[in-house]
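So the protein lines, in turn, are chains A and B.
Okay, so the first sequence: first residue is 1 according to our numbering, each after it adds one.
Okay, so the second sequence: first residue is 1001 according to our numbering, each after it adds one.
Everything hinted at is true.
Below, computed lysine-lysine pairings styled on DSS-like, alpha-carbon distance capped at 27 Å: (1) Lys56(A) with Lys1094(B); (2) Lys1094(B) with Lys1083(B); (3) Lys1156(B) with Lys56(A); (4) Lys1093(B) with Lys1083(B); (5) Lys1158(B) with Lys56(A); (6) Lys1093(B) with Lys56(A).
If you are wondering where the hints come from, they were derived from the structure by calculation, not from laboratory data.
On a predicted model such as this, the values are computed, not experimentally measured, just so you know.
Each chain, written out:
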Amino acid sequence: MSWIMQPWPWWLSGILIGLTVPLLYILAGKAFGISTSLQEAGAMCMPNSQLEYFRKFDRRSNFWTIVFAGGIALGALIASRLLSEDPANLLPNSYATVSGGIKLLVGGFLIGFGTRYAGGCTSGHSITGISNLNWPSLVATIFFFVGGLAVTWGLGNLIFPAQ
Amino acid sequence: MSQNERNEVQNQNTDAKNTALGMSPINYLFVLLIGVYLGILFIKSEVARWERIHDMFLFREAHMYLIISVAIGVAMFSMLIIKRFEVKSLDGKKITYEPKPYHTGVIIGSMMFGAGWAITGACPGPIYAQIGSGEWMALLTLAGAMLGMFSYAALKPKLPH
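Construct the entire structure; sequences and hints are all you get.
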């Protein structure tokens, strides 16, 4: 069973992540998607906001996204403390600096703005959307990669630590 | 109608359809457990690791591409089964997918998200996973994401959709 303590192979990871879609549909009646949790958090922070984006949002029927996000954090805690030999180094060491912090803040901003403008992220568009043959989700996924490749290949030397 | 009254009406409408929590406690328990399951997977598959995302965008390794492709394949097959056999959710409701519409933001927003993914090494799920595993710098990614979401909320009426 020592393989459990190592990173899991791509095929096992892919199968188990893909199963999230039917699990959530069958056990909770919800479509798999994570970035809606940001909107839910925003709507909870500003319950009396006049902004249409929060006013027309159903905070109750979307509250599950916050519980889901908390579950993800808890699962990650379990995996890194109990199911891993070496504590995982998830971010490069150079990110633990002021300039690294600014990069994370700016990158995070792009994630929050971008996923909400696009209406989903890797889970809601790429996995749930494409698997339901929703063509705008395929377009979204293609442009996730257009944006990521442009930054990595265009600004890579500027932004990223030398490896 | 004042804002409070409007909220009141909205809440009552929601109450009529759902319980006070939006769904039953057992559904919430399942959501939490599936979240834990996914959090474990995000760490053990290393999709929450910056280097994996970087190597994906550099075409250095196939790991991420394979995981995403297999996940889509498994999800697609599951949806075929669900639709073919009209599988119902646990509380007896029909399982339906509400299509996400196409608009200009699907292109612009997706490119922004892709850029953020490349910089931070996290998409929204892995942000929570990084924080949960004690990578405290990821709190800045989450703070940025909240700022981005609030900015979108404020600018939405002015943006092309």
